[in-house]
Amino acid sequence: MARTNAIGLTKADYKGAPTTLCQGCGHNSILSQIIASLFEMNVRPEDVVKFSGIGCSSKAPTYMLSRSFGFNGLHGRMPALATGALVADRTIKGIGMSGDGDTASIGMGHFKHVIRRNVPFVYIVANNGVYGLTKGQFSATADKGLVLKRQGENPYMPIDICMEALASNASFVARTFAGDPKQVKALLKAAFHHKGLAVIDIISPCVTFNNRPDSRYSYEWAKDHEAALHQIDFVPPEEEIWLGEGLEPGEARPIRLHDGSTIVLKQVDEDYDPTDRFGAIKAIEESYAQNVLLTGLLYIDPEAPNIYDILDLPDEPLNRLPEARLRPPAEALEALNAGLFAA
Amino acid sequence: MARTNAIGLTKADYKGAPTTLCQGCGHNSILSQIIASLFEMNVRPEDVVKFSGIGCSSKAPTYMLSRSFGFNGLHGRMPALATGALVADRTIKGIGMSGDGDTASIGMGHFKHVIRRNVPFVYIVANNGVYGLTKGQFSATADKGLVLKRQGENPYMPIDICMEALASNASFVARTFAGDPKQVKALLKAAFHHKGLAVIDIISPCVTFNNRPDSRYSYEWAKDHEAALHQIDFVPPEEEIWLGEGLEPGEARPIRLHDGSTIVLKQVDEDYDPTDRFGAIKAIEESYAQNVLLTGLLYIDPEAPNIYDILDLPDEPLNRLPEARLRPPAEALEALNAGLFAA
Amino acid sequence: MTSETAPHPSPAPTRPAVVNDFSITVGTINGTGSQTSNLALLRALFRMGIPVSGKNLFPSNIQGMPTWYTIRVDKDGFIARRDRHEIVVAMNPATVDEDLDKVMPGGVFLYADHIKPRHMRDDVVTYTMPARKLARESGAPPKLRDYVANMVYVGVLAHLLGIDLDAIHAALRYHFHGKEKATALNFGVVQKAAEWAAANLQKRDPYRVEPMDATRGMILSDGNSALAWGALFGGLQFLSWYPITPASSVAETINEYIPKLRKDPVTGKNTVASIQAEDELAAINMAIGAGWAGLRAMTSTSGPGISLMTEAVGLAYYAEVPVVLVDVQRVGPSTGLPTRTQQGDITFVYFLSHGDTEHIMLFPGNLNEAFEFGWRSLDIAERLQAPVFLMMDLDLGMNHWMGKPFEYPAQPMDRGKVLWEEDLKKWAEEGRRWCRYEDVDGDGVPYRTVMGNRYPGAAYFTRGTGHDECARYSEDPEVWVRVNQRIKKKYREGRKYLPKPVLHTMEGARLGIIAYGSTEPAIAEARHILQTEHDMPSDYLRVRAVPFHDEVGDFIAQHERVVVVEANRDGQLAQLLRITYPEFATRIESHSRSDGLPLTAEWVVSGIR
Amino acid sequence: MTSETAPHPSPAPTRPAVVNDFSITVGTINGTGSQTSNLALLRALFRMGIPVSGKNLFPSNIQGMPTWYTIRVDKDGFIARRDRHEIVVAMNPATVDEDLDKVMPGGVFLYADHIKPRHMRDDVVTYTMPARKLARESGAPPKLRDYVANMVYVGVLAHLLGIDLDAIHAALRYHFHGKEKATALNFGVVQKAAEWAAANLQKRDPYRVEPMDATRGMILSDGNSALAWGALFGGLQFLSWYPITPASSVAETINEYIPKLRKDPVTGKNTVASIQAEDELAAINMAIGAGWAGLRAMTSTSGPGISLMTEAVGLAYYAEVPVVLVDVQRVGPSTGLPTRTQQGDITFVYFLSHGDTEHIMLFPGNLNEAFEFGWRSLDIAERLQAPVFLMMDLDLGMNHWMGKPFEYPAQPMDRGKVLWEEDLKKWAEEGRRWCRYEDVDGDGVPYRTVMGNRYPGAAYFTRGTGHDECARYSEDPEVWVRVNQRIKKKYREGRKYLPKPVLHTMEGARLGIIAYGSTEPAIAEARHILQTEHDMPSDYLRVRAVPFHDEVGDFIAQHERVVVVEANRDGQLAQLLRITYPEFATRIESHSRSDGLPLTAEWVVSGIR
Ligand SMILES: Cc1ncc(C[n+]2csc(CCOP(=O)(O)OP(=O)(O)O)c2C)c(N)n1
Ligand SMILES: Cc1ncc(C[n+]2csc(CCOP(=O)(O)OP(=O)(O)O)c2C)c(N)n1
Ligand code: SF4
Ligand code: SF4
Ligand SMILES: [Mg+2]
Ligand SMILES: [Mg+2]
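If you read the sequences in order, they're chains V, H, L and C.
Quick note: the first sequence, position 284, residue 287 per our numbering, numbers continuous.
Quick note: the second sequence, position 269, residue 272 per our numbering, numbers continuous.
Quick note: the third sequence, position 441, residue 443 per our numbering, numbers continuous.
Quick note: the fourth sequence, position 31, residue 33 per our numbering, numbers continuous.
This is chain V alone, in the form it adopts within the complex (with noise of 0.2 Å):
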């Protein structure tokens, strides 16, 4: 019998429709630890929602969580579409998948926007270097230089989604890698409970266009040049934090998030201070600089007020709220007319 978790599901009753992505995408693992994070975090299909906007990696929420309502929208305009959506109901968390075509170049504005308003949900950008859908044309995230079958050299400078999401003071920026599952995991289960915006970008190789050992997007790249900058342990509200085995607490950072819930960084780089969006940056230029790529939390700060705190919503659902509480009474109205200018 399938193991089930705590609230008695397994993990398929965490399943979407079978994956039409290419064996081996990149996407595919994301899509199975989105499954296993929930399923272990204990959270019914039905509390969560899916919003993507085009792209393989936008089409991806298809093979997931058919309990969960969902909406595939336009390309790049996921982050709005999630905005409107999120407003209707606080109860219920929200995840956005996006590409890197997606996000980085139609979807640019949105993307910085979002940040802005700090939408409480988790924003996956499954970023490949290329546009995988299309037919593997280059994206704004692909390397300098670059060679594609029929489209050249990219001669352009990549965008890096973590510097922009730091650029425009995102709360909560991770980057990881879709061959290292439980780092995934970790950072799904930790961006879930934030509070506001959870940038993760996650580089998803795309086995059929941009796999070829020399780009940055390749499985074997990626594989070789990983620079983790920590462990990750989530700890649900209800759990004690165990900081290990043998572990000094100095040597171990617990951030506390604003639901209870921990994470708690393990093997971490003294320096390095996961609050400190300054020195986010700092690390992304250096990895540059280092030639590795560099995953982890990159940077949080739980604390900043969410889109639910700015709009001074009503914590019940607002798509429930019934008549009597959304039209005005009839007085009112006579107030409103008594307050115009008569003859």
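Heads up, none of these hints are tricks.
Residues of chain V placed beyond 12 Å of chain L at every Cβ, according to the derived structure:
#, residue
1, Gly182
2, Pro239
3, Val271
Covered stretches of chain L, going by a simulated chain H footprint (3 or more residues, C-beta under 8 Å):
#, region
4, 63-74
5, 246-257
6, 268-281
Hints are computed from structural coordinates only; laboratory data are not their basis.
Ideal placement from N, C-alpha and C gives every residue a C-beta, glycine not left out.
With chain V's structure known, arrange chains H, L and C with the ligands on it following the hints.
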């Protein structure tokens, strides 16, 4: 008689239609400095082209350089418009004028991507933290906590134009203040001679909607808090660099541009290297901590390849090539036909 | 016309009085607060019981450019714009000469004495006034002098025309939200100016006002505010917007009134989420997200914004998401004339987005319909699970109109076919299967669930790609045909939920006029002229929605000649009518014009008689 | 149908031979290289002199999903899609059952022996083939086995139908750009498979091919490539694009051929600037900038991209900037069916952008027109200083069509009314004043200068806001009317530069058919059927441009009944015809369908007979 410059023009030759901006609008000061810089650099207005988006700032180009071609395009799309046009004639230099709304909201994506393409023109963001032309709504650069008439309090963190430009690898990034005409002019000259895209974020107070002394975009605040990184001199290619009376070589930093002209930075902070991108980011970060308006040439990469290099176009204006150089000969079509699968 | 010799040549004062039947046009400089003066005049006349309208002709600019305000006073209640200007007030040196040219022969020209017209006309009555002097003497701080100088013409006109000073006082107090100091300062100038005029001007023109009883029980407001309030009373839950003239005030009014009207009675929190988006692409996608998730969602913009929303509207159409798009039309194509009015987005919006579409448009024709459609559009969108376009225009949206007090929505909110947990439970008990896009009732409208519904099987996956009745991805040709034909049916059948056209008939009419939206006053006046001056009685059908009700076809069938009058270049509604009623295509005549100004009755008549 | 008993039940082989008159449909898995096999078949048949067409029915997906390829072989040259499938090849276990169902009674079902159909039919001839075994034996590296397995059906069909192996060899060599190794590997499998078939299969079906002489001098290509080449021969100077199916190959082909065709003979540099934009908003604004600056500019996209270009198209319309927009139509609304074909953007594009607009559309109907309009559209855009829409569709753009070799442009490039320094000098000498938007020639087309012209007074300021004849900012109502009426005139008068409709007549026809674009083959075949089977001769007008030439109105006037056939839901061209010709609105019948597939002659006939 009016003073003429080396090519025999008076300042009037650089003027446009009478301004219809508000009296005291920072954008008017920027216009004056553009006119002054071109006059002093002996640039023929016919060798300049103006672009803009939509906004008070974007209307501004009408009020200068009536002898130059100009295109007042769509809201947020100036970078794309300018890119297309500038490809047509490499012998023309572009000035793009935009606003904070135009660039940091609707135009954010194009801003990022014109930076990647390093299209050689002066990209001015006349930044007032507000939507002037639509009467005073918050823009994305507005201070958090700012209160504006009819709009309430701004709950969002501001976008920093220079930070965004640096994050995306811009090759020239400067910040200045419309109330500091000397610096504006010097930076404009440097920008004009830069090989690639030159981003200048000019704090340009909107006297009608955002000039309260507690706003970072007011004349008063900016004047009181301006902290210039250096004094800037621009030396055209034909002139000799003169480091100034009694100045030790170490006290001035010359930066040679691709066309042989030189930017000389004086009274420099010893530690500040404007060719160090990361240092620039750091300086901006620190300026917020110190609550100052940091101005000057933040970053320059004088040799980054521009779009002309990338597209490998002829040096002559593309738009003047005759038919014989545009339409392949009949033999080429025969060869093409011969290469097709025929019965 | 005879003329005096001194001090200004002007016609003899012996003409019969013209009472409550003229237009006043004031030429000022924008950014000098003339709106306060003009509204004071408008409101005072209205308070006196006289039908009025006020139209602001302003530049796309913030400060220093010419701007004009026209008040039409008409005892018969005809308040359309006119090309005739009986009384012109010149406060702007830059336009004084053209302002003078505007005055109709025999009319009045009143100008501030710091202004020097280059020529004079001997066929108009001219008065000057010491606007700056009186402003200086008012004790107003120097910064406010330009503002209060504009109060001078209010006072002078009050004297010349006989406008009730108490009514002006009331108008000012209203304007300044009851603030005594501002009211007193301004009213003081009005009084002083009136006194000055009484002492120094000799009335030589025939125009005056007299109190009437034609506005009792009415209010004055602008269409954008009315719409905003309507939406708030409609239970609006989500607004996304991006600033643009002439639509901004829809959102700004909503934002202003959320604290007043939409604090949750239970928690004291806001029950409307309002977000200023980064652009119109974001605005519409947010609104679609919200509408999809079960919120009553709206976005407000003008033509350029609609253009940017094009792709997303196709998504809403095909994924069947309720959302209201307010289009406060200004003059296009392109940036066009951002501060002028047009009915120019009709065919554009109807066919909006690639692929086969046909959209629902509502055309409010007055203040009360702006309010009503403000709430009704939310009902329609949710009922039909479709984007609904509320086609306003600058004239109705930003100008001041008379109206009745707003009426409380006549019916409870129609949330359409939404299934919550208990509904699905009942369906299950009844053995009914729910599929998102199934035409259960035969009206083309499927049942929907919304995000947050936790019932097993309630969740579905929404997409703009091909999908079958159960919302499953599909590239099957037959499925595509079926689903899209069902949607077509939904629009055909759904017409019954849209506001019906309004019919006005005249005895013996053979001529039919079709029009819509803000041209209402011009049509009303034109019909009067046609009947009285040209012996052409007419029937008039005011269309209030597209797709058309059968009544529209019937109306065309019943009239030998049907003239479609509209404020655009190409006769856009006429085009849609020809498509819809090919059998009558030839009898549909188009009379259209777009110059940025509201239509005049004279122009309407010119194309019909 | 009688049936044998063993090994597979199948009809008697005694039926008369069916020669060069059937369809072959192959069901495979995408990403397995079946395109190589299918093209080899298509090209070989074509090389044998037999009229063919090949249509790819592929999913919106990269790898692993079902995909079908249909080759129609028709001795009479009718090459439209058909719903009948005489021969079906099944290579995909996931679709084998539906593939079997597709075979028409009496037809052939050929499947790979690793596939197990769930049922069998006794009314079709069935063959199996050891595809995997032969692939294994081919010596191909394991990675390529799936690819070469697809070569097996090529060889088997070659044997069964009598396809010339040399022709297949030539087709493969062409496909692999002459690379011997790849050609040999694949051809080896074809040969082996043919040999296997010869040894193991007993032909029990009537289908075969015979060489003909119906394709001599012709070529095979796809419309997107043709268009791309046409544009390059048209002197294209600027291309901006954003990837989207089914348009990407327009830009990719242009990029591929810039080095081959457009190296400057003088400097060796590129004479085309091609930029992959960050989105379609950027793409169109770049192209407008380039067109404005005097470059021949184009952007290529599909429906969703056009939707995003909406605002900018209004700017190009009103600021009068030449630019070509290629719309390779796919199925909308919304993301719709990205890999299926439709003529669904007609009314949408015609009315594109807010305000009054009416756009120019060109409809290439075949490969050679795709090439010709590729260059001609650039001429038209510059001649009329306007956006020009080149309305392709997926069927014409991405499928393989027969055509004549491309013809060199028949006339020099028409750069329109552009004034350079020397021109302005001449004007000045002649005392003529130049103003950007002045209608000098009475045809509505003004003269323009372009960026870089240094002549005094050559520069002007372009804007999407109101402007007068001299390009000065203007909010004047009369100016607005004048300029926009002049633009309207430009479109009316400019029709003479657009490709005229093509007329095909039949003796005694009273029926008129109007159609456009890629439906050409279906119409041709349908007319044949109507004439021969239903005694309904027809005249056929193939429209190649909107706005319509007078010939279109004349054609309608001359026919009692006019059926407009198109591949969309709403009969979009018929709607435009009704608007343009209200006097004939009732005789214009619409016969339209949109299911994502190219129209069939049978369906066309069904709506007419
Ligand atoms: C408006 C619009 N333009 C273009 C497309 C075509 N398109 C589909 S997916 C895609 C790129 C997706 O790239 P990315 O986001 O990196 O996803 P990936 O497929 O690589 O996972 C594009 C351009 C579209 N669907 N809509
Ligand atoms: C597509 C579109 N949306 C909205 C507008 C309305 N609009 C005109 S100017 C402007 C804001 C300009 O702000 P900014 O760029 O900061 O310029 P400023 O006026 O402050 O100088 C807006 C939103 C427009 N013209 N087009
Ligand atoms: S094409 Fe690339 S991104 Fe798309 S499914 Fe295949 S491997 Fe993944
Ligand atoms: S409104 Fe503000 S930005 Fe616009 S012209 Fe006036 S001061 Fe300048
Ligand atoms: Mg990608
Ligand atoms: Mg601004």
